[in-house]
Each structure stands twice: as structure tokens, then as C-alpha cells.
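> Sequence:
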Amino acid sequence: MIETKNILELFKPIVKEVLESMLKEEREIYLENNPPTKGNGFYERDLKTAFGELTAIRVPRTRDNGFKSALLPYRKRITEDLDALIRAMLISGMSTRKIAEVLKELYEIKISYANISRISQVGIEEIQKWRSRPLMEEYAVVFLDAMVFPIKRDRVENESIYVAIGITPEGRREILGYCQEAWKVLITGGKFC
Numbered sequence: 467m468i469e470t471k472n473i474l475e476l477f478k479p480i481v482k483e484v485l486e487s488m489l490k491e492e493r494e495i496y497l498e499n500n501p502p503t504k505g506n507g508f509y510e511r512d513l514k515t516a517f518g519e520l521t522a523i524r525v526p527r528t529r530d531n532g533f534k535s536a537l538l539p540y541r542k543r544i545t546e547d548l549d550a551l552i553r554a555m556l557i558s559g560m561s562t563r564k565i566a567e568v569l570k571e572l573y574e575i576k577i578s579y580a581n582i583s584r585i586s587q588v589g590i591e592e593i594q595k596w597r598s599r600p601l602m603e604e605y606a607v608v609f610l611d612a613m614v615f616p617i618k619r620d621r622v623e624n625e626s627i628y629v630a631i632g633i634t635p636e637g638r639r640e641i642l643g644y645c646q647e648a649w650k651v652l653i654t655g656g657k658f659c
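The C-terminal position of the sequence shown is numbered 659 in this note's numbering, with every residue numbered one higher than the one before it.
To be clear, the hints were calculated from the coordinates, so they are not data collected in a lab. All figures in this text were calculated on a predicted structure; none of them were measured in a lab. Backbone N, C-alpha and C define an ideal beta-carbon position, used for all residues, glycine too. Check before you lean on any hint, since a few could be wrong.
Simulated restraints on C-beta separations [claimed, not checked]:
#1 541 / 647: 38 to 46 angstroms
#2 625 / 490: 22 to 30 angstroms
#3 514 / 490: 18 to 26 angstroms
#4 625 / 514: 21 to 29 angstroms
#5 647 / 479: 31 to 39 angstroms
#6 503 / 607: 26 to 34 angstroms
#7 622 / 514: 32 to 40 angstroms
#8 472 / 623: 39 to 47 angstroms
#9 634 / 498: 39 to 47 angstroms
#10 635 / 472: 31 to 39 angstroms
#11 596 / 494: 43 to 51 angstroms
#12 638 / 500: 40 to 48 angstroms
#13 502 / 606: 35 to 43 angstroms
#14 642 / 580: 31 to 39 angstroms
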């Protein structure tokens, strides 16, 4: 069995890609609401998450320097709220409504529900794109494992994500897929959820 910490490390590239897409959409909304200003590239920053340290995250800028991301608060290097959002995206079965609920708490009603829905949809699309990517034809080893996350609803409950991990002939580990369903569904379904 592989340690949960190591499985989380394998999720880092996915998490970074989803986060950067959502940040770009967040900036687009800002630009639409502030017509005279324009985008002004990106700057990079690091962030510590439950998935490990994400390095060189491309954070969008605007020419007027007025854009401030609610997903990545200024000068905050560790964020539990973002971890909750990412977990919701991975665990909730990609329900836009559930993700929007987490985003609504994160934004503290500073943004319309339509915009929250837009940002969450970008994250969902990015994850779906990752899930439908082509896999290698051959892996030296494929194994299944599970990660348990505490999820806060009315009370804290544990939720499991079942993960299929492949080891390439070169020895590199990669996540093949993950599912919240039971092992039997993951294995007999012939595909990953």
C-alpha cells in the first residue's frame, strides 16, 4: 500500500492545472466588470495545500492592478479554504451545485451566483479533460488504493476516493483515474469513474 501523502503528490499537477484555469476565469469576470482595464500577463507564486506545495502557479494580473483573486488571497501561502474547494471538486462527483456552495463560502458573497457557477464550471471542465486524456497502452504495474478525506457538511464525515495508479515501464507513477464509488464498481466497470 502506498502512503496517502504519496498519492496526494500524484494529484499535484492536476490540482495546479485546475487552479490556474479557475484563476484565469476569475480574471475574465473581473475584466468584464471593469471594461477599461486589460489583462497583463501572469506572475508566479507558490502555495502549500493538502496536496503538497504547488510551485510556480501562474496567477493572472491586470494593468490596473485591481484584480485580487478570492481563490488565492494576497500574501497567503497556506489556504484551508482552497483545500476544501479542491476536495469538493474531486470528491463530490463534479456536481456544479456542490462546488458552487464551497465557492460561495470562499467568496463570502462578493460575487454573483452566475459567476461562481462559471468559475466552478471551468474547474469541472478541466478535470473532465484530464479524466478523458489518453492513457499509455502498457503499464508495468497497476494497483488500486484509497484516500480518506474529512469533509465538513453538517458535521465532519470521512469520504473515500479510490485511486488507480499505474507504474510505467520507466518506473514513473501516474494516476490513471479515481472514483468515489466502491472498488467493485471501479474494477468491473471497465473504466475509471
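> Give a verdict on every hint.
Outcome of the hint check:
1. About 40 angstroms separates the C-beta atoms of residue 541 and residue 647, a value consistent with the hinted range of 38 to 46 angstroms.
2. Distance hint check: the CB atoms of residue 625 and residue 490 are about 29 angstroms apart, consistent with the given range 22 to 30 angstroms.
3. Look at residue 514 against residue 490: about 22 angstroms separates their beta carbons, and that is inside 18 to 26 angstroms.
4. Between residue 625 and residue 514 the C-beta distance comes to about 22 angstroms, which sits within the given range of 21 to 29 angstroms.
5. Hint check: residue 647 to residue 479, Cβ distance near 24 angstroms, so the stated range 31 to 39 angstroms is violated.
6. A C-beta distance of roughly 51 angstroms is found between residue 503 and residue 607, which places it outside the suggested range of 26 to 34 angstroms.
7. Range check, residue 622 to residue 514: Cβ separation about 22 angstroms, and the 32 to 40 angstroms hint is violated.
8. A beta carbon spacing of about 24 angstroms between residue 472 and residue 623 contradicts the range 39 to 47 angstroms that was offered as a hint.
9. For residue 634 and residue 498, the Cβ-Cβ distance of about 43 angstroms falls inside the hinted range of 39 to 47 angstroms, so the restraint holds.
10. For the pair residue 635 and residue 472, the beta carbons lie near 20 angstroms from each other, so the given range of 31 to 39 angstroms is not met.
11. Hint check: residue 596 to residue 494, Cβ distance near 21 angstroms, so the stated range 43 to 51 angstroms is violated.
12. The beta-carbon spacing between residue 638 and residue 500, approximately 44 angstroms, falls within the hinted interval of 40 to 48 angstroms.
13. Our hint of 35 to 43 angstroms for residue 502 and residue 606 is violated, since their Cβ atoms are close to 56 angstroms apart.
14. Between residue 642 and residue 580 the CB atoms are about 35 angstroms apart, so this pair conforms to the stated range of 31 to 39 angstroms.
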